[in-house]
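Residue numbers (the working numbering): 1 to 238.
What you were told as hints is all true, and nothing was included just to trick you.
With a cut-off of at most 25 Å between alpha-carbon atoms, the simulated SDA-like pairs for lysine to any residue come out as follows:
id, residue 1, residue 2
1, K8, N69
2, K8, S130
3, K53, H6
4, K131, M164
5, K7, E227
6, K144, L230
7, K132, R211
8, K144, P96
9, K3, K131
10, K24, I178
11, K8, P125
12, K144, W214
13, K128, I178
14, K8, E170
15, K132, N69
16, K7, H56
17, K7, K131
18, K144, Q219
19, K128, N69
20, K7, N226
21, K8, N175
Derived from the structure by calculation, the hints contain no laboratory data.
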Amino acid sequence: MEKLNHKKVFIAGATGAIGKHSAKLIAASGAELFLSARNRESLYLVGEECGVKSDHLFVMDITNEEAVNQVAASILATAGQMDIVINAAGIGLIKPVEQISLSEFMDVITVNLVGTFLLVRAFLPPMKESKKGLIINIPGILGKVPMAGAAAYSASKYGITGMMQSIRKEIERTNIRITNLYLGGVDSPFWDNIDLRVQRDKMVQAEEAARAIWFLCQQPESGVVNEMVLQPFNHQVV
1 MEKLNHKKVF
11 IAGATGAIGK
21 HSAKLIAASG
31 AELFLSARNR
41 ESLYLVGEEC
51 GVKSDHLFVM
61 DITNEEAVNQ
71 VAASILATAG
81 QMDIVINAAG
91 IGLIKPVEQI
101 SLSEFMDVIT
111 VNLVGTFLLV
121 RAFLPPMKES
131 KKGLIINIPG
141 ILGKVPMAGA
151 AAYSASKYGI
161 TGMMQSIRKE
171 IERTNIRITN
181 LYLGGVDSPF
191 WDNIDLRVQR
201 DKMVQAEEAA
211 RAIWFLCQQP
221 ESGVVNEMVL
231 QPFNHQVV
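With the hints as constraints, model all of the structure from the sequences given.
Next comes the structure, spelled out in structure tokens:
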């Protein structure tokens with residue numbers, strides 16, 4: 001396993017349940033962290049908890065092309081290439097297709113899929129140049145197996161899966177790793193505004209999801225974990 005000491009790690013969506021716990025674990029492992037999120041106050045609280053310097057914190061909307069490019073350019077100019085880029089940003093939507101407005105559909109696609117595209121496009125070129133690096137995305141289990149009511153959400157997550165499979169073809173002769181983490185139900189604020197009966201006490205805990213990300217950050221030089229599936233024991237769909 002590779003160690004995280006002195007590794008440069010960027011986490012988008014660092015104030016969400018999974019992003020926050022991942023940041024804590026990775027910081028405790030000696031990595032140099034760079035964090036982004038939309039909410040400045042929440043971001044700085046997470047940064048303080050993780051011991052991250054203020055100049056390593058970036059208020060950023062992952063759907064804003066100019067903002068993503070500026071953050072990436074700033075980080076790359078001062079710190080150089082990131083060893084690991086983790087995208088923990090995303091939004092959810094679970095409702096019957098006839099109840100989904102076009103605005104809602106586009107919001108989910110824009111945050112989950114377009115945001116991933118913008119992030120990868122901004123941070124991948126230096127990795128291509130050095131022929132090394134690791135990108136971790138979280139399509140979630142609905143990016144592998146669909147569920148009723150998840151037309152918009154699954155579309156965005158399947159899109160991530162397909163996009164990253166294509167990008168893998170671009171980096172075949174490099175040591176760049178791309179890993180997709182397919183999480184099943186995770187007990188997080190994702191479910192707070194979703195009208196669906198779920199047993200949150202039996203879901204995967206956000207801390208354990210973060211531990212999976214922490215583990216994936218330490219892949220051996222001789223191999224790659226293309227994907228990992230982590231889902232509740234009582235609700236396994238694959």
